[in-house]
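**Student:** Spelled out from the first residue to the last, the chains are:
Number of protein chains: 2
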Amino acid sequence: MPVSTIEWEGDFNGSVKIVDQTILPGMLKYISCTDVETVWDAIKKLKVRGAPAIGIAAAMGTFIGIRNIETDSVSEFLNKFEDVISYIGSSRPTAVNLFNALERMKKTANSNENKSVKEIKSILLEEAIKICDEDKASCRSIGTHGAALIKDGMGIITHCNAGGLATADFGTALAPMFTAKEQGKKIHVFVDETRPLLQGARLTAWELMNAEIDATLICDNMAAHVMKNKKVDCVIVGADRIASNGDAANKIGTYGLSILAKEHNIPFYVAAPVSTFDFNIQSGDEIPIEERQPEEVTEGFGMRTAPQGVKVFNPAFDVTPAVNIAAIITEHGIIEKPDREKIKTLID
Amino acid sequence: MPVSTIEWEGDFNGSVKIVDQTILPGMLKYISCTDVETVWDAIKKLKVRGAPAIGIAAAMGTFIGIRNIETDSVSEFLNKFEDVISYIGSSRPTAVNLFNALERMKKTANSNENKSVKEIKSILLEEAIKICDEDKASCRSIGTHGAALIKDGMGIITHCNAGGLATADFGTALAPMFTAKEQGKKIHVFVDETRPLLQGARLTAWELMNAEIDATLICDNMAAHVMKNKKVDCVIVGADRIASNGDAANKIGTYGLSILAKEHNIPFYVAAPVSTFDFNIQSGDEIPIEERQPEEVTEGFGMRTAPQGVKVFNPAFDVTPAVNIAAIITEHGIIEKPDREKIKTLID
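Chains S and F, in that order, are what the protein sequence lines are.
Heads up: the first sequence begins at 1188 in the working numbering, then just goes up one per residue.
Heads up: the second sequence begins at 1188 in the working numbering, then just goes up one per residue.
Check before you lean on any hint, since a few could be wrong.
One copy or two, either will do: identical chains are not told apart, so a pair holds if it fits within one copy or between any two.
Said to hold, decoys possible - Here are the computed lysine-lysine pairs in the DSSO-like style, where the Cα-Cα straight-line distance is at most 30 angstroms:
no.: 1; residue 1: Lys-1232; residue 2: Lys-1498
no.: 2; residue 1: Lys-1531; residue 2: Lys-1373
no.: 3; residue 1: Lys-1373; residue 2: Lys-1302
no.: 4; residue 1: Lys-1529; residue 2: Lys-1302
no.: 5; residue 1: Lys-1232; residue 2: Lys-1415
no.: 6; residue 1: Lys-1317; residue 2: Lys-1368
no.: 7; residue 1: Lys-1449; residue 2: Lys-1231
no.: 8; residue 1: Lys-1498; residue 2: Lys-1415
no.: 9; residue 1: Lys-1267; residue 2: Lys-1372
no.: 10; residue 1: Lys-1305; residue 2: Lys-1449
no.: 11; residue 1: Lys-1308; residue 2: Lys-1531
no.: 12; residue 1: Lys-1372; residue 2: Lys-1317
no.: 13; residue 1: Lys-1368; residue 2: Lys-1498
Please keep in mind that the hints were generated in silico from the structure rather than gathered at the bench.
Quick caveat, the model's predicted, so the values are computed rather than measured.
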C-alpha cells in the first residue's frame, strides 16, 4: 500500500499533513502545514505534487487560510475568502484540479452564505476532507477500470509519477498496475526517470518496488530503444489537465512518448479522474504551460552540470493530442479513442 | 575554435595528451597518457569519447603499448602487438572507429614486416599521428559539406556531443554549425542534455557558447515539445557506427529523436567521417550495443536519485534505421536518403 501522501490531521485547529516528496526516496518525512503560506510553498516547490494531490492541498489550504478570519459579517468573510483563493491559485498554473478544487470551495462557501461565518468555516473544512475522500475512491475505481486493460505478463512504460504520491491514495496511472498486481497478474514496468526533477526515478520506482511490482528504471531518452527491443505492450501516464476534445497536458516528455508509442503500435493510455477535465477550453492549445527555473536543469542534484550562463528552456508540461491517445481511463469508465462527444457522454 | 581534444605530444618517447571530458565544463584539465593502461582507462571511463577521438586514442595507445617491446624478432614483436590491439579493443564495443583504427595500425605493421622492429615502431607512430591529422581534415570537410544544408536563421536540434571534443578538431555534427557560423549565418541550436552522462549539457553547450553560437539547453524529453512549438528546421547528430545499409548507431536517444523529427517533418541528418562505416555488417541489427553500469543513471549527479536496489537498464547507444535519415554528411560529400548502393558509390 502507498503511504498516505496528504491528509487532514486533527479538527478545526488541525493541519494538512504532507509527505515531502522533494527528499524521497532518501528520506520519508512529513510536513504539517498550519498556515496558508506553507501550503502555497509546498505546492510551488513540489513538496506536494501530482494533479489530484495538488487539488486536495489547495482545498485544505483554503480552509487554513480562512479559518482565522475574524469577522461576523459573511460578506466581509467572503471577500477575504476570495483573496485566499487567488493566492493559492497563483502557486502553479497547469494542473486544473487545483482550480477545480478552488472553484468547488468557492461554490460551497457561496451556497452557504445564509449561514454564520463560523458555520461556513466548518462546512469548508468538511468539503476539503470530502475532496480528499472522493479522490481516494476515484483512484480505486480508476484502478479497477484500468486493470481490465492489463493482461498477465504485460510490459508497461510509465512517465513521471502518477502514483499514490500524486493523489490521496492509489494513484492514477499506477492504480491499474496496483490493481492488476492485487488480481495476481504479473507485469513488468519500465519507469522513465523523468528529467529534470526525476519523479520517475525518485517516486515511481520507489512506489512500484514497495508494491513488489517488477520495475526497471530507464532514462527518458531510452524509451524508443526499449519499445523496439523489449516487451512493451502499453504506455500508461497521468494528466494535469485534459481539454474538452481530449488533448491532455501532462509532465514534459509525455507528448514525445505518445509519438514513440504510435511509431511502435503500442497503445497509449491516460489515467485521470474526471476532475482533470477542463470543459472551459476547447483544445490543448489553450492550456497554459508552466516554465520553471533553469537551475532545475543545470544544477538539479547537488552539482553544476552545464556551463555558467547557458540559456535553458524548461517547460514543465507538454500537450499530447487526443489522436495519440488510445483511451482515457477515468473513475467512471474507459473512453476509447477519446473525442469531444464521447468525453461529454461519459462525464455528464 | 575548439580546444585540442587529443594530440601526440613529443617524439618517440612522448605521450597522448587528452582533455579529461568527465570534468568539463567545470574544469579544463589535460591528461598525458604514457602507458597503454592509462589510455584504455581514459577510453573506458569516457575521459576521451566520441567515435573519431576514440579511434585516434586507440591508434596512439597502440603505439604506446608496443614502443617498449624489447625484441629484434619481428614475428615476436607482431605477436605482442596483437595482444595490445586486443586489449585496447576491449575498452568499448560500439564505436567502429576504434576497430577501424586498430585494423589500420595492424595493416601498417603487417605490410612493413620486412623492416626492423625499430623501424616498424616509428612507422606506427607516424601512422597514429596521420590518423589524427586525417580526422582534422575530414572534420573540416564535413563542416563544409554540411554547412550547405544550413540556411541563415535556421533552428537546429543536436544530441550528445559530436563536436570538437568528439574528434581531433572541429567535430562531426557540430562541424556544419561551426562552418555556418564562419560563413556568417545566424543559427539557433537546441542542445539535448543527453542523459545519463550529460554530454550535451556539459560539452556541446560549452563548445557552442565558446564559438558564440546561440544555444539553448533542454532535457532530452523536451525535444518533441520544442519541435512542435519552436523553430526547428533540422536535427544533426553524429554516429558511432554505420552499417552498410545506412542504419546508424549513436548515443542513446538518437533513435527516438529521429522518430520525433519524422513526426514533425523535420529532416534528420547524421554527420560522420567514412571511418564510421562498417561494411562488415549488413544492418543495424548486427551492431553490438554497450550496456553501462546502473550508477550512471542512479547517482550521476553526485547524490543518489533512485531507490537502493532498483533495477536499471542503461544502454549507451541505439540504432536509427536508415529510413529515418534524410542524409548522411561525410567528408566525401552528402548521401541523401542513404541506402546500400548510394553509400557504396560515395565511399568507394
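**Student:** Look at each hint and say if it fits the structure.
**Tutor:** Going through the hints against the structure:
no.: 1; hint: Lys-1232 to Lys-1498; result: both (22 angstroms within a copy, 28 angstroms between copies)
no.: 2; hint: Lys-1531 to Lys-1373; result: neither (34 angstroms within a copy, 48 angstroms between copies)
no.: 3; hint: Lys-1373 to Lys-1302; result: neither (54 angstroms within a copy, 66 angstroms between copies)
no.: 4; hint: Lys-1529 to Lys-1302; result: neither (40 angstroms within a copy, 82 angstroms between copies)
no.: 5; hint: Lys-1232 to Lys-1415; result: between (36 angstroms within a copy, 28 angstroms between copies)
no.: 6; hint: Lys-1317 to Lys-1368; result: within (28 angstroms within a copy, 61 angstroms between copies)
no.: 7; hint: Lys-1449 to Lys-1231; result: neither (34 angstroms within a copy, 36 angstroms between copies)
no.: 8; hint: Lys-1498 to Lys-1415; result: between (33 angstroms within a copy, 19 angstroms between copies)
no.: 9; hint: Lys-1267 to Lys-1372; result: neither (52 angstroms within a copy, 56 angstroms between copies)
no.: 10; hint: Lys-1305 to Lys-1449; result: neither (55 angstroms within a copy, 61 angstroms between copies)
no.: 11; hint: Lys-1308 to Lys-1531; result: neither (34 angstroms within a copy, 79 angstroms between copies)
no.: 12; hint: Lys-1372 to Lys-1317; result: neither (32 angstroms within a copy, 60 angstroms between copies)
no.: 13; hint: Lys-1368 to Lys-1498; result: between (44 angstroms within a copy, 18 angstroms between copies)
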